[in-house]
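Novice: So the sequences go chain by chain: A and B. Each number in my numbering corresponds to the 1-based position in the first sequence with 30 added. Each number in my numbering corresponds to the 1-based position in the second sequence with 1158 added.
Derived by calculation from the structure, the hints in this document are not laboratory data. Every residue gets a Cβ at the ideal spot worked out from N, C-alpha and C, and that includes glycine. Keep in mind that a hint or two might mislead.
As the list claims (entries may be wrong) - A short, non-exhaustive set of chain B residues, derived as facing chain A with CB atoms under 8 Å:
id, residue
1, S1205
2, Q1264
3, F1331
4, R1377
5, F1378
6, E1379
7, K1602
As the list claims (entries may be wrong) - Derived lysine-lysine pairs resembling PhoX-like cross-links, with alpha carbons at most 20 Å apart:
id, chain 1, residue 1, chain 2, residue 2
8, A, K177, A, K203
9, A, K76, B, K1196
10, B, K1442, B, K1196
11, A, K198, A, K177
12, B, K1373, A, K80
13, A, K76, A, K203
14, A, K53, A, K184
15, B, K1442, A, K203
16, A, K184, A, K80
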Amino acid sequence: MSKTKYILGHFEDPDDLMHGIDKLQENNISIYDVFTPMPIHGIENKLGIKRSRLGIGAFCFGIAGTITAFSMIYYMLVYDWPMNIGGKPAFSFPDFIPVMFELTVLFCAFGMVGTYFFVNHLFPGRAPRVMDLRATHDRFVIAIDAKHNPYPDKINTLLKEAGAVEIKHNERKYVSYE
Amino acid sequence: MSSHHESILREPLVTGENITYAQVTDDILVPVENKPNKAWWIGFIVSALGALLWVVSISYTFWFGIGAWGLNKTVGWAWDITGFVWWVGIGHAGTLISAVLLLFRQNWRNSINRSAEAMTIFAVICAATYIVAHMGRPWMAYWALPLPNQFGSLWVNFNSALVWDVFAISTYFSVSLLFWYTGLLPDIATIRDRATGLRRRIYSILSFGWNGSVKTWQRFELVCLILAGISTPLVLSVHTIVSMDFATSVIPGWHTTIFPPYFVAGAIFSGFAMVQTLMLVVRKVMGFENYITMFHIESMNKIIILTGSIVGVAYLTELFIAWYSGAEYEQYAFLNRVSGPYWWAYWIMMTCNVISPQLFWFKKIRTSIAASWILSIVVNIGMWFERFVIIVTSLHRDFLPSSWAMFYPTVIDVCVFIGSIGVFFTLFLLFLRVLPAIAIAEVKLLLKSSSDQAKQKLIREKAVKADHAEYYLESLSKFDSIPQENEYAKN
Chain A
31 MSKTKYILGH FEDPDDLMHG IDKLQENNIS IYDVFTPMPI HGIENKLGIK RSRLGIGAFC
91 FGIAGTITAF SMIYYMLVYD WPMNIGGKPA FSFPDFIPVM FELTVLFCAF GMVGTYFFVN
151 HLFPGRAPRV MDLRATHDRF VIAIDAKHNP YPDKINTLLK EAGAVEIKHN ERKYVSYE
Chain B
1159 MSSHHESILR EPLVTGENIT YAQVTDDILV PVENKPNKAW WIGFIVSALG ALLWVVSISY
1219 TFWFGIGAWG LNKTVGWAWD ITGFVWWVGI GHAGTLISAV LLLFRQNWRN SINRSAEAMT
1279 IFAVICAATY IVAHMGRPWM AYWALPLPNQ FGSLWVNFNS ALVWDVFAIS TYFSVSLLFW
1339 YTGLLPDIAT IRDRATGLRR RIYSILSFGW NGSVKTWQRF ELVCLILAGI STPLVLSVHT
1399 IVSMDFATSV IPGWHTTIFP PYFVAGAIFS GFAMVQTLML VVRKVMGFEN YITMFHIESM
1459 NKIIILTGSI VGVAYLTELF IAWYSGAEYE QYAFLNRVSG PYWWAYWIMM TCNVISPQLF
1519 WFKKIRTSIA ASWILSIVVN IGMWFERFVI IVTSLHRDFL PSSWAMFYPT VIDVCVFIGS
1579 IGVFFTLFLL FLRVLPAIAI AEVKLLLKSS SDQAKQKLIR EKAVKADHAE YYLESLSKFD
1639 SIPQENEYAK N
């Protein structure tokens, strides 16, 4: 058995890459992941990746911000220390709205981006798990797990047919660790 | 298809022959991966001296108190708040470009959004320094926050527009920073994967471990879209609330309902002018002519005409409503603006903001780089005077004629202002040096659909109607980055 862990197919053009994915899937070869220097529209449907639920999370964070702001202002201005300002009611709801809006946006933005970083394991100082250094530059890379798909020659031919410009058989999963 | 279809009639967003994905990265990273050139150093030294002037004059202000400024008991707000509103307004274009133009699917934003967002952040930093400085006792700045304090649980007054402003500006700054940095992650990863040694380590930390997998990109796009969606009302709310600092008072000349839309339009107007001022220089010095094209310049000029005209209508509406209101104090405030001791400031404002941007109706002027640059500076000057006129002319002749006064800036006033411009440019030049000034990944998205080479290929393959192709080729004549004698297009 060969020591190859991952087979990487390099493409120079996103359309060729999509073609390559089709070819591999027709032949029942599972794709580990695809690394690209830019977002490729429509690729998640091809790879069967579900729609992200981050939007729902963002909405909940936003509502949490609204509720936080309202309860904070209500507590401070109406419950804890109501002030007599020209005899007007302490519960002056229209005046609460600007700060409620700002905190909605603040909570939504930070909550959503925080969740995004959490689910994708992004945080400062994390060792980058990069399978090919050119995938952030000019190459569109399909990674195939060689252990799950133990027919390297067939994969080579399929990738070449689809227009791959380079095929690598890597014995290490990540090249970025020093 | 990985790229959307685009009509041949649309002008190209990326020009140049044989632009590959690698070429895009290489071109944009030239300033980041090489030693800076002479122009950068000259600019940096001048701005750093300006920043130093700011440090000196702001320290002087803190040490001696705001008596160092030209304020008096009648004019209690002058250059400080003028500077604050001016900087916040400038910041608005960055969010507008990155958020509103994203929602409207204006792809031309892709090549200017990164620098414009950086501009937003640095402009808001400059604005924030004014806020802190004008408090007089900046070590008490935390009093603006709703914290329980030693006097008992006396809270800040949420009925006050100034408290709203604290929340608006801090939310705006932090969300803009978040939006900017999240967008930067893929580009920082690009630098990381090309660098070696210490640079790689630093960019590796900054990149948060980005690897460009399908799920990262899928969620990244959603995050950017939602951030754009919430930043759009945010940016409108910020200048609305800034305008309410004035509009919720009872000072004639400030107490008007037109202020929020009028301030927002003015903010976009001045922000685009500042983007234009910066981009025209960046494009020349950094050699980004193929990415920031004449189409971008012209589009920004069109936004400047639109927002400049809205601002003009707002000025005239104010005058009309002052007369129509029948309130004599309101009428006098405006009569005093137009023809009082500050008439010259009012007419500088009118000329720079309303009259001169109308020159952009001429195609020759709005596609001329020199004219666009000069007019963008004129707009910046005009918008500074707008805030000065609103603030000082409404205050200097107050309710009691015996306390009428004039405002004269001191040297410290002037130095704080010039210094804040130095701080802004120092930060901006450092940004150009260490981070990509154009969003690399987003420009790559345009390459297959909106670039000149892709369109020329379609024309060569006769995949488009001949009259459409001709229309497209004609539209190229204004592009300075496409050699006009070039006949490759015609075959």
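Novice: State for each hint whether it applies.
Specialist: Do the hints match the structure? See the list:
{"no.": "1", "hint": "S1205", "in the structure": "violated, 28 Å"}
{"no.": "2", "hint": "Q1264", "in the structure": "violated, 17 Å"}
{"no.": "3", "hint": "F1331", "in the structure": "violated, 10 Å"}
{"no.": "4", "hint": "R1377", "in the structure": "holds, 5 Å"}
{"no.": "5", "hint": "F1378", "in the structure": "holds, 7 Å"}
{"no.": "6", "hint": "E1379", "in the structure": "holds, 5 Å"}
{"no.": "7", "hint": "K1602", "in the structure": "holds, 4 Å"}
{"no.": "8", "hint": "K177(A) to K203(A)", "in the structure": "holds, 12 Å"}
{"no.": "9", "hint": "K76(A) to K1196(B)", "in the structure": "violated, 50 Å"}
{"no.": "10", "hint": "K1442(B) to K1196(B)", "in the structure": "holds, 13 Å"}
{"no.": "11", "hint": "K198(A) to K177(A)", "in the structure": "holds, 15 Å"}
{"no.": "12", "hint": "K1373(B) to K80(A)", "in the structure": "holds, 10 Å"}
{"no.": "13", "hint": "K76(A) to K203(A)", "in the structure": "violated, 24 Å"}
{"no.": "14", "hint": "K53(A) to K184(A)", "in the structure": "holds, 11 Å"}
{"no.": "15", "hint": "K1442(B) to K203(A)", "in the structure": "violated, 43 Å"}
{"no.": "16", "hint": "K184(A) to K80(A)", "in the structure": "violated, 29 Å"}
Of the numbered hints given earlier, the model fails hints 1, 2, 3, 9, 13, 15, 16; all others are met.
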